[in-house]
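Chains as they are written, first to last, in our numbering: chain X, 137 to 619; chain C, 1042 to 1524.
It is worth saying that the hints were derived from the structure and are not from the lab. Please read all numbers here as calculations on a predicted model, not as lab measurements. Think of the CB as a built atom: it goes at the ideal place given N, C-alpha and C, for glycine as much as any other residue. Hints are supplied without guarantee of correctness; some may be wrong.
As the list claims (entries may be wrong) - No more than 30 Å apart at the CA atoms, straight line, and that leaves these computed lysine-lysine pairs for DSSO-like:
1) LYS500(X) to LYS1294(C)
2) LYS482(X) to LYS1228(C)
3) LYS613(X) to LYS1087(C)
4) LYS170(X) to LYS285(X)
5) LYS1294(C) to LYS1228(C)
6) LYS1186(C) to LYS500(X)
Stated by the list, open to error - Some chain X residues judged to face chain C by a derived CB distance under 10 Å, without partners named:
7) PRO520
8) VAL536
9) ALA610
10) LYS613
Single-letter residue listing:
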Amino acid sequence: MNFQFPDLTPVLPEAFLVLGALLLLLIDLSIKNKNATAFISLVLLMVTGFTVYSTPSGVTFGGMFSVDAYSSFFKYIFILSAAMAILVSGRYLRWRNEEHGEYYTLILLSTAGMMIMASAADLITIYLGLELMALSTYVLAGFIRGEVKSNESALKYFLLGAFSSAFLLYGISLIYGLTGITRLNLVASAISESGLVDNPVLFMALLMFVVAFGFKVAAAPFHMWAPDVYEGAPTPVTAFMSVGPKAAGFAVMARVFLVALHSLQADWTTVLVPIAILTMAVGNIIALSQQNIKRMLAYSSIAHAGYALIGLITGTSAGISAMMNYLIIYAFMNIGAFSIVIILDKGRVPASSDRLDNFKGLAKTHPVPAFLMLIFMFSLTGIPPTAGFMGKFYLFMNAVEAGYTFVVLAAVFFSVISAYFYLRVVKFMYMEEPEEGEIPAASMSTAPVSITIVLAVTALAVLLIGVYPEALLAMAKNSALIF
Amino acid sequence: MLAPRASNAGIKFWALAVTLLNFTLSIPLLTNFDKTTWKWQFAEYKAWISAWNINYALGIDGISILFVMLSALVGILCVLVSWNAVTTKIKEFYVAILFIEGAMIGVFCALDFFLFYIFWEAMLIPMYLLIGIWGGPGRLYATIKFFLFTLAGSLLMLVGIIILYLKSGGVFFIPELMSLSGSYPLKLQLLLWFAFFAAFAVKVPMLPVHTWLPDAHTEAPAAGSVILAAVLIKMGAYGFLRFSIPFFPEATKLLAVPMMVLSVAAIIYGAVICFAQTDMKRLIAYSSVSHMGFITLGIFALNTNGLEGGILQMINHGVVTGGLFLMIGIIYERTHSREIAYYGGIAQKVPVYAVFFLIFTLSAIGFPATNGFIGEFLVLLGGFTKNRTLGVLAATGVILGAGYMLGLYRRMFFQQLSDNVKALVDLNLRETLTLIPMFVLVFWIGLYPNVFLGFMHASVEHLIEQVSNGTGGMSLAQLLLER
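Chain X on its own, in the form it takes in the complex (with noise of 0.2 Å):
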């Protein structure tokens, strides 16, 4: 038997990173002060950053792991948002004494598995790589361990995400049983040369995927976790899991769904429509009620998945590239709203601190943070000369392209929606009085250094790809030519 060992030069940045966590592990037991740790967890993600660009194109593991532009862009992403989480995590934690150094090894394992995710050329790398993911979120969502709601929400996720896991196995499972492979290039030819298009049981096994990548993007009606576990997990780890992975179930969909179940596209196409357009409507719509910020970005998030969801039914290059295009500028986004949140986090004060409430009069109290707020909501909302509006002209295009106007209006219909609830922050930070007796806890120059960074980055990235998208743009178009 001839076994040859693995290429690993494809493999450099996921393995370099998943050592370097589990050698953060050991290192953060000598360390005091967990600054350090965040430290040394940004100089680790910067690297393997450099190692994901200076790695060459190439697949390896037998042709399970592929490493190509698309994935390199989504790496990018994946990067960034854990970069940034981990930015604006510590003083978060520090106030409600839960500062752990496994903190920062939980998220760089994560960023590790979406990584593995967004290489996966073969089914269960993509199992692989999910798992990974998923269970160092579930723990990051429980991380603060005297809160009710954290625990709830840990549990929530983990519960929910270990079904759908179970769905996606089923569904690999059915492929396998259908034609011995589970390489995907592979298992589109063996789909299109066995004549199985027509097979009733191939279709169980897209509606299981649809199940299964559904419930991680949290696209309705796989949904109704995320509301629950976004107002519960601290607010770093929530801000991480809007954006990475969601991303990363976006970049296994359009593999899935483009390469290997490419002669279903009619039948995935019929599915994915009205869940897009389900989606769009249940998170703009439960929106509009919230009282709690951290759940009215919860359903915001719903909502953008939904519009994410249009770039993928297109089926073409150029809608997935419209799809990774507003990924990315998403990221920018809701990290940044997120971050506001973080910024006037009041420590221990779990009932009253994510109120919408709190916002009333920000304008006159924080005028820096009001007005990065008011950008990042307009931006959410999608008026120019924001990202959010480039973003969704830009998949707006393409669907019209692809003949998809109906779904291009539904979208239009809820963006108008989705206008009354983000400016309802802005009404109330700009248009109402301060509370009584409310001392919103943190200004600009009390906010610890590493926070406005983010703040900085997040704010520049929505106002220059709002006024100059092209070479985003270009970098998209060029990862998604593999389609």
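Please build the complex by placing chain C on the supplied structure of chain X, with the hints as guidance.
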């Protein structure tokens, strides 16, 4: 935005200086304008987002030049009228005003459809803040209503823009789109016509989507009302002139009479409602609905008189209603009441103010020797030529206009001196200076309209030619050559 907050006077003078400079810089546009050609002049072009063939292209022609001048003038007047009226968040207020002025001029100059859309939407943010922060008691309701209505229309227009882009083979350049106008099938033309109609009808506003206007105009601060009435609503009519008519000639010809019917309905409905108003700002707001009815009547008559009358009336209405809102702002600063019943016989106390108000009232009615007469006469002539019944009905609107305007004047200025206004002080120098430009324009346009009509002749002729023959416009290469 970077100015220190403390120096309020510094901020105001800076704003004044910028607006004055802006206006001075736009005077050469008038003096060097070539009136003999319909082609765009003073064109500016820079590649922006080459992936979508979007360029930063600006230029003016006979139709837009007068609006650019009006916007620049309104900017100065708004700064002047708010000098003492705005006492909170002064820096932000003037930032918003300057931003809006920039966006307004951008809308009129844009030669790239995407750029036009960006300017069109970008105005929403500062307008929302302007009405919501510095407005009257009902401002929160008014501003979100304004925002949602306008956003809904604009997003539908966005879908239309995308479809147009794809159908024209990837063209955003407006003159080029004009040259392609004859080639679209009628069904597509109608579809796109309605998509654009959504946005422009909300902006104008036409019945039945006019309901945002009374609230927004009434609750906005004086400067906001002036900007809204003088320039913003003209953009809707400008949209019809610049896009709906030249791009979709067949659809326009089909829909011209229904649009005229809608216009006459607006004229009569707006006028009749004015009789029931007790709030003077609301009265002028509804009179705007009525006057915009005249404008759209003239435009959709699609003959030289109607079009030129419509465009001139747009300028006139901007001057007159802008002037009226300026005057209301001035008196509101003194008495803080918008109720007509609050006043009475104030001509005895503020004679100079009374004269200005009388001149603007007469112009609003369409009294000969004022600009209103020229505009309304041309509009009625054009409308009557196209359709006798509608012309006659529209003329009744003139009588109704006289009714409510003179009624307002009588109730405010003549009759018994009301107790509330015994201590009224007449206009000071700054206020007089604010009103003089509009005053001069009323008579200048009224007695020697050719100065202003002269700018439009070539462009209007070209527009009529486009509608009748479906030809016209130019390609980007030609525009660059002509520069």
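Structure-based check of each hint:
no., hint, result
1, LYS500(X) to LYS1294(C), "violated, 53 Å"
2, LYS482(X) to LYS1228(C), "violated, 59 Å"
3, LYS613(X) to LYS1087(C), "holds, 23 Å"
4, LYS170(X) to LYS285(X), "holds, 25 Å"
5, LYS1294(C) to LYS1228(C), "holds, 13 Å"
6, LYS1186(C) to LYS500(X), "holds, 24 Å"
7, PRO520, "holds, 4 Å"
8, VAL536, "holds, 5 Å"
9, ALA610, "holds, 7 Å"
10, LYS613, "holds, 7 Å"
Checked against the numbered hints given earlier, this structure breaks hints 1 and 2; the rest are met.
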